[in-house]
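Colleague: Chain residues, written in single-letter form:
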Amino acid sequence: MIDSLKEYQNLNFEQGRSLWQDAWYRLNKNKLAMLGLYVIIFFVVVSILTPWLAPYGYETQNLALGASAPSAQHWLGTDIHGRDLMTRLMYGGRISLMVGFAATAVSLVIGILWGTIAGYIGGLTDTIMMRIVDILYALPFMIFIILLMVVFGRSLLLLFLAIGLIEWLTMARIVRTQVLTLRKQEFVSAAVVTGLSHWQIIRRHIIPNVLGPVIVYITLTIPSVMLLEAFLSFLGLGIQPPQSSWGVLISGGVETMEEYPWLLVFPGLALSLTLFALNFLGDGLRDALDPRATRD
Amino acid sequence: MLRFFVGRLLQSIPVIFIVITATFFLVRAAPGGPFDAEKTLSPEVIERLNERYNLDAPMYEQYFDYLGHLAQGDFGPSFRYTNRTVTEMIYAGLPITFELAIYAIMIALVIGIFAGMLAAIKPNSAQDYIPMSLAMTGICMPSFLLGPLLVLVFGIWLQWLPVSGWGYSPGDKILPAITLGSTYAAYIARLTRGGMLEILSQDYIRTAKAKGLPMATIIIRHALRGGLSPVVAFLGPAIAGLLAGSFVVETIFQIPGLGRFYVQAAFNRDYTMILGTTILLSCLIVLLNMLSDLLAVWLNPRLALSNEKN
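In the order they appear, the protein sequences are chains A and B. Following this note's numbering, the numbering of the first sequence begins with 13 at its first residue and continues without gaps. Following this note's numbering, the numbering of the second sequence begins with 1141 at its first residue and continues without gaps.
Extracted from the complex, chain B is given alone in its bound form (with noise of 0.2 Å):
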């Protein structure tokens, strides 16, 4: 188990390496300066904002430079918004973006475990088939449809809740927070079944079971821990994919948070910001994924064993 925890963080290093380089060489490789829009300038102005953002250094120069300040949490000027860096705009957008990230998974976690355990318990009974169609639905109803049905009706028809804003007025941060959250609660609540259904047919479940154990202990003491590793491995692409998905939901809701100055940022072809984010994102996403990992083999330690067979 010791070699999977080693040998998965050894792993993550050349990924986030990956990732840092990919993205400055991608962005250094657009077409077109970062300053075509305004085309007054004067070349001399040009010539002296490539030089206050280094970029008539040779290539690796600069690359070598942005890992340097990278290094010491530094993702340089924004290329837009002059007056900002964009490890400010960051600061200011992530405490957002996880907020809403958190309370998204818990309303995934607390709907998609139940809903799959009360499937689990009766399979192919009216408890099994009504909780999988809805999340069927929920699977089918992306959050860009979701959200402005949920704003259309609860919003302007039925006015109970605020249609857009961030801890503006009481309320704004439920909306937002269903529409992340309903997808994965879709998922959560088929993985939960699926490992369940599993579980709950092994030996020592039945054994249990002969004991007399009530239902709600059997499910409780014993069942969880096994029947939940596969929703375990899923929080790491799961939170990677609500970081994704918070890029449409901050702009559905307009809350700045980071996934809207993402957006905005890749309209304004601001590089600085969309190099800084991406990668920012990407470690963030990289780092959770091996966390969900090391969690489920902690959780089921013969998944260690499966993988390195393989």
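Only chain A is shown next, with the shape it has when bound in the complex (with noise of 0.2 Å):
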């Protein structure tokens, strides 16, 4: 009998997947969205861990040397002032990606609640809050980043606002429609019947339903707001020096490339691939988690 029980309990039952371990397997086959995850987290990794795996100092100076072409001493060569380029980089680094999941993060909390809200509530509110979002996409925030980076001074924390401020509208949309589906399935009006209250039912049958495309959405929005920052950093409007972003060092190499063409080639190449690889890991994880959204 206890043998038996013991059987039993060593089978091995096909387990039903969760919608995101099948998501997860689906992922896992697609191997440029796995490249693209493992970039991503390598480059976390190396913008958390700066301060201790810079080669140099960030401000060290080596004015003997100027600008020298990559060497074992220097891998990807030093500046106009002698100073180590791969540090820069790193250090930029930390900066682009922070604009970009810092400003990502801000159009997310205002994205859900708005998108929630509305969809949840429904009715004259709905309408009237979808109606400000309609009225808000076509405005031109393109140039009103600009003028606010000029009237308000270029501060980083504006900067995150202002991105993070144009990006909530396409999440709001997003999380909308789905609440709009999802209130109207039989699990929620079951939970209604149990009497969860309305926050219950937001939390915890709401948003886990919600997570999915927000998450597709979030992987394609941080390399978005990436490119912004690093737009405005170009022009001068964005990040100012001492403070270097990937956009800085750019626009640094820009002036000189015709003499040093590797202080524009690396940090380009180092936002370029960053930039794909959220692209193709956001593409992967909308065919993993949305199989019947389409690409475009």
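Rather than coming from a laboratory, the hints here were simulated on the basis of the structure. All figures in this text were calculated on a predicted structure; none of them were measured in a lab. Built from N, CA and C at the ideal position, the CB exists for glycine as well. It is possible that some hints are incorrect.
[Stated by the list, open to error] Below, simulated BS3-like cross-link-like pairs (lysine-lysine); rule was C-alpha separation at most 30 Å, straight line:
id : chain 1 : residue 1 : chain 2 : residue 2
1  : B       : Lys1262   : A       : Lys43
2  : B       : Lys1351   : A       : Lys41
3  : B       : Lys1351   : B       : Lys1262
[Stated by the list, open to error] Computed, partial: chain B to chain A, Cβ under 7 Å:
id : residue
4  : Val1155
5  : Leu1166
6  : Pro1310
7  : Pro1354
8  : Ala1384
9  : Val1403
10 : Ser1422
11 : Ile1425
12 : Val1426
13 : Leu1427
[Said to hold, decoys possible] Label pairs and their in silico Cβ distance ranges:
id : chain 1 : residue 1 : chain 2 : residue 2 : range
14 : B       : Ile1186   : A       : Leu281    : 46 to 52 Å
15 : B       : Phe1407   : A       : Glu198    : 57 to 63 Å
16 : B       : Ser1309   : A       : Ile60     : 45 to 51 Å
17 : A       : Ser209    : B       : Ala1350   : 42 to 48 Å
18 : B       : Val1293   : A       : Arg216    : 53 to 59 Å
19 : A       : Lys43     : B       : Gly1311   : 40 to 46 Å
20 : A       : Ala84     : B       : Ala1162   : 41 to 47 Å
21 : A       : Thr72     : B       : Ile1186   : 43 to 49 Å
Reassemble the complex: the two chains are provided individually, in unrelated frames, and hints are given to aid placement.
Modeller: The structure is reproduced here in structure tokens:
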């Protein structure tokens, strides 16, 4: 009797896979997306550990050396002040990635709240809230961000907020559509009948089900935010020296590209590689989490 | 459909109004006056300047004053270049920016649609993967990186094309147009592929195939109209992006267009110039967005229905 019970417990039942396991399995099969994931993890880890990993100090100059091509001492060469380019790339990447993640987080919070409230309450509230989104959508935000940076000075915090304040619009739309369809589902009606409060329903049933599309959108928002930051920094309207970002480094590299092309090529490579990785990961996640969605 | 048209038109008016109002008060709310740089100015001179630029009137009066002038196409004097008005500078810069944007969008449309169709005709083959990987490269290679790299290779190393200018020497319009258009070519290629794939799986296309029509006829006569509607809907945002992109491209190639004026005005804190260009560009973008929406609905009337439902 006991033996058979043990045997029973040891039997490997074919377990049903949850949505997340299923998505992870599908993502794992997508080599490009996984490569993207590894590249992102690598860049994030390096950024976090930069103060310990960087081979030289951020401001350490070697004026006698000046701008030198890549060598054994300076793997990616040095800039015109004799500062190690790899070190500067690592510190610049910290800011570029931080802007990408922080601004996306701002847009995430606003977008999810807005979309959930509009979709959950519905009716007139929904109509008004989404009309506001429609109107804001039509505003040319690129120009407005430049205006904000000019008028209120070029601070990092303002940059997060300004970028985050644009990007929440799409997030709100995605979340609202999801919430609208979820609300009509039977398991939500069942939850209402069992007497759960609105907040409990939102937390236990709505948010976990909205997470899929939101994660996909996050992965695609981060690169567009990083691009925006680099664009502004390139024009001199974003991150200000002595702080640095990949956009600032590219902008500096352009000035001297004729004599010292590596000062343009390596920062450009770092930015493009990150954008590539995030876009591939985003595409892969979309295929994995929402097989019905079409690519475009 | 008419309802959609009218609704869309009515929606643009408050947007344009918000743009003008928000820009005006944002610029006025800026810390520090526009004459702060000239520290040596005596109080009397500053007073005179304030009077000339109407800065001592109450805020609401300035605002309505500005609206009144705006309605007559007058953007006021420039704060920096005292002998020029903003309207003059816009007249000088806008045609150049437009020309650049038109070349860029033509490059983007031709390359993008062609590549997207190639990919959609034979999905999941080399004919799909190669153009789509190139498109991904185009998206991940921002103009402020691609432009300098093109200058480096074709302008400095190979010396095939001029590195800057606009209309001064033959061929100096080629690199800026490619730089500005490439990202949009990439997006359009992806959109065309998606739209065409969806249309090509429809029943009426199968019917056309069954009738024995050649592939070229099927695509040109039947698939293109529906398949391109995502591209048309993208044109509005794309042109908005192009105008913003012209800031960078005009700066890189030293083109005397509106984008470069805007960036310079931003650096000089030339408030009236910023105000004028922001309002002009914003209104342009709002109008172009509306036009592309209308065009997309005309091509694919079902879009109007789905819009009303939401």
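Colleague: For each hint, tell me whether it holds in the structure or not.
Modeller: Against the structure, the hints:
At most 30 Å may separate the alpha-carbon atoms for a hinted pair to count; lysine 1262 of chain B and lysine 43 of chain A meet this at roughly 22 Å. Note on lysine 1351 of chain B and lysine 41 of chain A: the hinted pairing is violated, with a Cα-Cα distance of about 40 Å set against a maximum of 30 Å. Between lysine 1351 of chain B and lysine 1262 of chain B the alpha-carbon distance is near 20 Å, which keeps this suggested pair within the 30 Å criterion. Given hint, valine 1155 of chain B at the interface with chain A, holds; its Cβ is 5 Å from that chain's nearest Cβ, closer than 7 Å.
Residue-level restraint check for leucine 1166 of chain B holds (minimum Cβ-Cβ distance to chain A is 6 Å; threshold 7 Å). This hint is violated: proline 1310 of chain B has a C-beta 22 Å from the nearest C-beta of chain A, more than the 7 Å allowed. Checking proline 1354 of chain B against chain A by beta carbon gives a least distance of about 27 Å; that is not within 7 Å, so the hint is violated. Interface hint status for alanine 1384 of chain B: upheld, as the beta-carbon distance to the closest one in chain A is roughly 4 Å, under 7 Å.
This hint holds: valine 1403 of chain B has a C-beta 6 Å from the nearest C-beta of chain A, less than the 7 Å allowed. Taking 7 Å as the C-beta cut-off, the interface hint given for serine 1422 of chain B holds, the closest approach to chain A being about 5 Å. Interface hint status for isoleucine 1425 of chain B: upheld, as the beta-carbon distance to the closest one in chain A is roughly 4 Å, under 7 Å. Of the supplied interface hints, the one on valine 1426 of chain B holds, with its beta-carbon coming within about 6 Å of a beta-carbon of chain A, less than 7 Å.
At a threshold of 7 Å, the smallest CB-CB gap from leucine 1427 of chain B to chain A is about 10 Å, leaving the interface hint violated. The hinted range of 46 to 52 Å is satisfied by isoleucine 1186 of chain B and leucine 281 of chain A, whose Cβ atoms lie roughly 50 Å apart. Phenylalanine 1407 of chain B and glutamate 198 of chain A have their C-beta atoms about 60 Å apart, which keeps the hinted 57 to 63 Å range intact. Look at serine 1309 of chain B against isoleucine 60 of chain A: about 49 Å separates their beta carbons, and that is inside 45 to 51 Å.
Checking the proposed 42 to 48 Å range against serine 209 of chain A and alanine 1350 of chain B shows it is violated: the Cβ atoms sit about 58 Å from each other. For the pair valine 1293 of chain B and arginine 216 of chain A, the beta carbons lie near 57 Å from each other, so the given range of 53 to 59 Å is met. At about 42 Å, the beta-carbon gap between lysine 43 of chain A and glycine 1311 of chain B stays in the expected band of 40 to 46 Å. Restraint check, alanine 84 of chain A to alanine 1162 of chain B: a C-beta distance of roughly 55 Å breaks the suggested window 41 to 47 Å.
Judged by the Cβ atoms, the range 43 to 49 Å given for threonine 72 of chain A and isoleucine 1186 of chain B holds: they are separated by roughly 46 Å.
Going through the hint list in order, the structure does not satisfy hints 2, 6, 7, 13, 17 and 20.
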